[in-house]
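The whole structure should be built from the sequences, with the hints applied where relevant.
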Amino acid sequence: MLLKKMWGLAGSIILTAGLLAGCGSEQQNVPDTGANVPQERVTLKVGIFDRGNSPSGVTVTNNYWTNWVKDSFGAVESYIDVEFVPIPRSGATEKVNVMMASEDAPDIVFASTDNLLPYNFAKQGGLMDLTDIIDEHGPNLKSYLGDVLEMGKVDGKIYSIPGKRVYQGRYTSIIRQDWLDELNLQMPATTEETYEVLKAIKAAKPDSIPLGFALRQSSIEPIMWSFVEPLNEEQRYTMTQQLGATDFPVLLPGFKEGLKFLNQMYNEGLMSPDFALDTDGNQLNEDIMNGKVGLYSEDTGKTYNSTPGIAAKLIASEPAANLVPVDPYTNSEGKHAKPGYLPNNFYIMVPAKSERAVEAIKYLNWLASEEVMNTILNGTEGQDYNLVDGVPQRIDSQEVADRMYNAGDIELMTSAVDYGNAEMNRKAMVSSVAEQFRARAEKSYEIGETDTLNQIRFPDPIEAEIKYGAILGDLYNEMLVKVVMASPQDFDATYTSMMDQYMKSGGQKILDERIQAYAALK
Amino acid sequence: MRLNWQLYMLLALPLSFFIIFRYGSMYGVIIAFKEYNIFQGVMKSPWSGLDTFRQIFAMDNFWNSLKNTFLLNFLDLIVSFPAPILLALNLNELRLSLFKRFAQTVLYLPHFISWVIIGGIVYQVFATNNGFLNEMLGALGIGPIPFLTNPGTWLITYLLVGVWQSAGWGTIIYLAAITSINPELYEAAAMDGATRIRRMWNITLPGIAPTIILMLIIKVGDIVQIGFDRPYVLGNASVGDTSRVLSTFVYQLGMTSGQFSMAAAVGLFQSVVGLVFLFGANALARRWTGRGIF
Chain G
8 MLLKKMWGLA GSIILTAGLL AGCGSEQQNV PDTGANVPQE RVTLKVGIFD
58 RGNSPSGVTV TNNYWTNWVK DSFGAVESYI DVEFVPIPRS GATEKVNVMM
108 ASEDAPDIVF ASTDNLLPYN FAKQGGLMDL TDIIDEHGPN LKSYLGDVLE
158 MGKVDGKIYS IPGKRVYQGR YTSIIRQDWL DELNLQMPAT TEETYEVLKA
208 IKAAKPDSIP LGFALRQSSI EPIMWSFVEP LNEEQRYTMT QQLGATDFPV
258 LLPGFKEGLK FLNQMYNEGL MSPDFALDTD GNQLNEDIMN GKVGLYSEDT
308 GKTYNSTPGI AAKLIASEPA ANLVPVDPYT NSEGKHAKPG YLPNNFYIMV
358 PAKSERAVEA IKYLNWLASE EVMNTILNGT EGQDYNLVDG VPQRIDSQEV
408 ADRMYNAGDI ELMTSAVDYG NAEMNRKAMV SSVAEQFRAR AEKSYEIGET
458 DTLNQIRFPD PIEAEIKYGA ILGDLYNEML VKVVMASPQD FDATYTSMMD
508 QYMKSGGQKI LDERIQAYAA LK
Chain U
17 MRLNWQLYML LALPLSFFII FRYGSMYGVI IAFKEYNIFQ GVMKSPWSGL
67 DTFRQIFAMD NFWNSLKNTF LLNFLDLIVS FPAPILLALN LNELRLSLFK
117 RFAQTVLYLP HFISWVIIGG IVYQVFATNN GFLNEMLGAL GIGPIPFLTN
167 PGTWLITYLL VGVWQSAGWG TIIYLAAITS INPELYEAAA MDGATRIRRM
217 WNITLPGIAP TIILMLIIKV GDIVQIGFDR PYVLGNASVG DTSRVLSTFV
267 YQLGMTSGQF SMAAAVGLFQ SVVGLVFLFG ANALARRWTG RGIF
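Chains as they are written, first to last, in this note's numbering: chain G, 8 to 529; chain U, 17 to 310.
Derived from the structure by calculation, the hints contain no laboratory data.
These numbers were taken from a predicted model, which means no experiment stands behind them.
Every clue listed holds true.
Some, not all, of what chain G presents toward chain U, calculated at C-beta under 7 Å:
| hint | residue |
| --- | --- |
| 1 | E101 |
| 2 | A108 |
| 3 | Q131 |
| 4 | G133 |
| 5 | P280 |
| 6 | D281 |
| 7 | L284 |
| 8 | I478 |
| 9 | E485 |
| 10 | Q508 |
| 11 | S512 |
From the three backbone atoms N, C-alpha and C, an ideal C-beta is built for every residue, glycine too.
As structure tokens, this is what we get:
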């Protein structure tokens, strides 16, 4: 323990010396007078997502915004040095599990947008009770998050701080308008019409993939949930299965019909044949950019964003191509039902062993102030954006894109600047999109918010979901793949056997616990 | 002891390595019998007896993983084990030493490629829709073969990719064994008019038989141990029932779900079964050939 501290001390001395050495000649004397500084310098370790997308020359822990944070926060709380600790975005939960178990987690740590992980940690005594510290040091944070902060409570105490999610839409479908025009087809507005359009595309362009599909929630959910029958409250609470951050419709009425629809699409050659291998969606993106795909659904806004630049790359090779947003699937009530997000973003935690809980809250409180939020998310006026009708419009250049690439990951308290009304927020969200796509992107955000279904949450998470969630999530994908790829005559048998396996592997335990929890709720 | 104290000193270092890092860390397996709480640590977590094992044995996925581990390793043994022997016999017969060295190097290379990269290559080559192989077959009018998405064909792909990756490297040990065979035997056989095939069968093979048995015992002992990378990288949702093995199951339990006690219990179970197989293989080898490894 002592040894560890000495190493830490040695490390900070070297670090400080290094910093000072870079500060120009007149500050060389500072170490001599350092003893007179009243407050001891401390280092606050802050997690940051590494998405593996850093532009050349910078890293997630050393770039424009990390330096800006160090300087600007350092100016407010001069005794705190901020140090960023990378957390890989893919596999974040695994990484944070290991960090927590080895007492190696940063003072501000987060992994996912689901409440299971913080709940699990809190129940095991691994998280700091932040209730009093927030009262004392987090006025901005409290007023900005409002009700969302309630979601971080376990047994009435705040153990984690969920960031705010301003836009709660989730998925939008995109269609090739130019193909519709070419084949004289109407824009589909119902599931039946969509099916007819896909068949017509297949007939006219046999080499195309009418429905682009990957083994990802963004491909699966918009279709599956449109088949779910309207539910009463009890059904929604007891028969939904939350695996990870998302509600799954496995047990809901209509789920089988949804699979049947996909099975038909697959067997008629209307959807991506290798979707089972495409778990990261890269194959789908490639197919779209190569002009092979007619219709697909995605995380709202993705097509028009500059990374991976799907629409831009498609247009570069096929100038006539026109990707437009569409709401193609309807449920039995004629609504375009699809899942939305809860009003929370990532759950931010402070480990129980952290000695910097007060500093962590001071930091988050600083991030929650309007000025800081505006600066991080929009950049500097004139350099990164220009104001148009009161909405910042990002300047369209590689330099700005490279500078702003991880700004959203620095600002932990919110997903976007909240302008107070949905239309204004949409305008602001598309402001970073290249100008030629802005109108379509705005429409796509509007569709993403239409007829969204809310996720269902009990006050306390279901224990069985913590235990079996990961295994069942994989099994769900397996079930989907096997049932969809089965020949039509094997459909029922495959469905029954996979469903049986799902229930035995924990699905039944979740159902039982949910029925109990619902009874307790009443 | 006093005479050779320098030698004991030399031994002390590797010995302490094993004691500290191999045996010392074994105390961690006790979390299999505890309700492990990552924040309380190994010692303070409450005991739970055999509860964890009961929970595991009640899981469908566990039995499925166990079955697949045996299946994949057993088939791998049948397919991959003879490959380096055949390859070594062939390499040994090459006369042109320059070509022999070139061939050896080319055959070794795949061993040094990480499974993650091999996985990427496999997807490029074997995918049903845009895979290189299926595009070639398509040009010949042969319908797409689902190399990766049908359990049967996946199994064949899995095994052959394994052979491709490891066969060349496996030859090293056999080639070394072959060099220790007395060359006079070959000369005498050649005098008596034995053909090449004959010489391979009657001299080379018996000459390396002890090595083959040794390798077989090691492989059989490992039948319940399965590497993580290969099934994890090559597996996918459509063959989950076949590609799910103990190592990936442990990963899912421990790393993804944070159920460290369950993961430790599966690992412990795996080791016990592995031990049984190791002793079994050794006993069989002793009965058949009169020599085992311990």
